[in-house]
Structures are given as structure tokens and as C-alpha cells.
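Trainee: Please model the complete structure; the sequences and the hints are all you need to start from.
Going down the list, the sequences are from chains A and B.
Note that the first sequence ends on residue 115 in our numbering; no numbers are left out.
Note that the second sequence ends on residue 1114 in our numbering; no numbers are left out.
Among the hints, a few may not be true.
Below are the DSS-like pairs computed for lysine-lysine, each with C-alpha atoms no more than 27 Å apart in a straight line [stated by the list, open to error]: (1) Lys1101(B) to Lys1022(B); (2) Lys1101(B) to Lys71(A); (3) Lys1109(B) to Lys1069(B); (4) Lys1022(B) to Lys1109(B); (5) Lys1101(B) to Lys1069(B); (6) Lys1101(B) to Lys57(A).
No lab work stands behind these hints: they were computed from the structure.
Computed from a predicted structure; not experimentally measured.
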Amino acid sequence: DTGVSQNPRHKITKRGQNVTFRCDPISEHNRLYWYRQTLGQGPEFLTYFQNEAQLEKSRLLSDRFSAERPKGSFSTLEIQRTEQGDSAMYLCASTIDRVRADTQYFGPGTRLTVL
Amino acid sequence: AQSVAQPEDQVNVAEGNPLTVKCTYSVSGNPYLFWYVQYPNRGLQFLLKYITGDNLVKGSYGFEAEFNKSQTSFHLKKPSALVSDSALYFCAVRFSGGYQKVTFGTGTKLQVIP
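Mentor: Written out as C-alpha cells, the structure reads:
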């Protein structure tokens, strides 16, 4: 399967701990996106990379959140000092900028539970 | 600012009947519009998108959507519903002017009754 993969699929942590999620986009996709989805809501945009450059960040992305895409391939999303309100599904998507309105292809998500 | 409204939390339809899932949007300028479907414990799957041109867009699994600029709507339709269509459907919008941020609606749960 050459789709978008995310690891881990589930993460349970205690409040105050740091967590890191990984996203591997579809090969050759140069754009990568992170979203957060809570129960009963649609995905909310967090940030976007074009290759290794982080070009857009949502105001939802507080200073406890940091995302990287060091070599323009996989990306990591780190949450420091987790809070119960961080409990959500974290989705990654990727696309390629060859056409307008490039379709985003989503991974299965990482479900974070903060106790 | 851009936004999407899906006015129905749930839509119930009998198998074999036509289905409609409603979506209205707000965006400055020309929109790019998308429909995604989410099955339990799975990621979002792309169904179709509107960029420009023909207002009727055909997508995967027999779904189609009609772009109506005057009503700022992009309703999802299918002529004959299948039980396997039961899932959560999300409408999304993006400003065509260059920003990559996509805004999703809150989702509509489609229940197809055998």
C-alpha cells in the first residue's frame, strides 16, 4: 500500500508528557498537511509544508505544538506538555502541486488520549 | 475567512432511493469545493471536487455534486443509495487564490436503511 501512513495509530499519555507523531506521505508528494479532528467535528487545519518549508500555520497551533519536515519527506508533529484538551485524532494528508485544487490524500490518523 | 455549513447532522434514506447531503459555503473569491467520506476507524477518502467549469461534478462510487454559485451550495447526490454508502460525509472549501488551508464542515452521517 503506497498511501499516507501515520504512526502510531493510537497514543495514550498522561497530562504534561510530550508526544510525537509521524506521517509518511505518498511518495513524490511535495505538500503535506496536518489536521486535528475532535469528536463530532470536521478536521481542523493545523499546518502545511511545501517540501521542507512550513508555509502556513493555524492559530490553533499553540507554542506547545511544533511540526517539522526536515528532508521534505516524512513529517513529525510534537506536542509538549500535553493537556486533556489535546485529546483528538491527528490527521496527515499529502498532495502534489502539479494541478490546481490538488486533492489531499489522508492517512488513517493518530488517536491521542491525554489522561 | 472561509466556512462550510452542513445543516444536517444525520440523513436517513432507504436503500435504492436517491440521497442528498447538503453543503453551503462562504469564501472570499472563487472556491474550490470538495467532498470526502469517512468510514469508522479509517481516514478520509476523496469523493469529488469542483474547480471550475461544469457545475455538475461526477465522482467516485456513483456520487455527484452540483455547484450553485448563487446559492453558495455544493450538495452531494446519488441516484440510488446503497447500504454500503452509510458513513460520515464531509464537505470542504478552499479559497482558490493560493492559500492552502482547507476548511471542513462538521460532517453529516448518512444512514442507508435496508
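Trainee: Sort out whether lysine 1022(B) lies within 27 Å of lysine 1101(B), counting only the CA atoms.
Mentor: Given pair lysine 1101(B), lysine 1022(B) holds - Cα atoms ~22 Å apart, limit 27 Å.
Trainee: Holds or violated: lysine 1101(B) with lysine 71(A), Cα cutoff 27 Å?
Mentor: holds (22 Å)
Trainee: Hey, lysine 1022(B) versus lysine 1109(B), does the alpha-carbon distance stay inside 27 Å?
Mentor: holds (11 Å)
Trainee: Is the straight-line distance between the alpha-carbon of lysine 1101(B) and that of lysine 1069(B) 27 Å or less?
Mentor: holds (21 Å)
Trainee: Is the Cα-Cα distance between lysine 1101(B) and lysine 57(A) 27 Å or less?
Mentor: holds (9 Å)
Trainee: Does lysine 1069(B) sit within 27 Å of lysine 1109(B), going by the straight-line distance between their CA atoms?
Mentor: holds (25 Å)
The structure meets every hint from the earlier list without exception.
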